[in-house]
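In the working numbering, the protein residues as written are 3 to 48.
Among the hints, a few may not be true.
Computed list of lysine to aspartate or glutamate pairs in EDC-like fashion (alpha-carbon distance at most 20 Å, straight line) [to be verified]: (1) LYS42 - GLU32; (2) LYS42 - GLU29; (3) LYS12 - ASP43; (4) LYS42 - GLU24; (5) LYS11 - GLU40; (6) LYS12 - GLU24; (7) LYS11 - GLU29; (8) LYS11 - ASP43; (9) LYS11 - ASP46; (10) LYS14 - GLU40; (11) LYS14 - ASP43; (12) LYS12 - ASP46.
The set of hints was computed from the structure by calculation and includes no laboratory data.
For clarity, every value in this text was computed on a predicted model and none was experimentally measured.
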Amino acid sequence: MAENKTNGKKLKVGFFSLTCDEGCMIEVLEIMNEKFFEWKDLLDFK
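Produce the complete structure using the sequences and hints provided.
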């Protein structure tokens, strides 16, 4: 398993949707679809 560039530390990430904010939520999910494997060792999803 490759060691990440952050010396074992990961940025904790979580997100939630407010009323009428689904468009932004979809945009975030689409970005994650493209970047997931690049970022998975750097982020801790909650």
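Sort out which numbered hints this structure fails and list those numbers smallest first.
The structure conflicts with hints 4, 6, 7, although it agrees with all the remaining ones.
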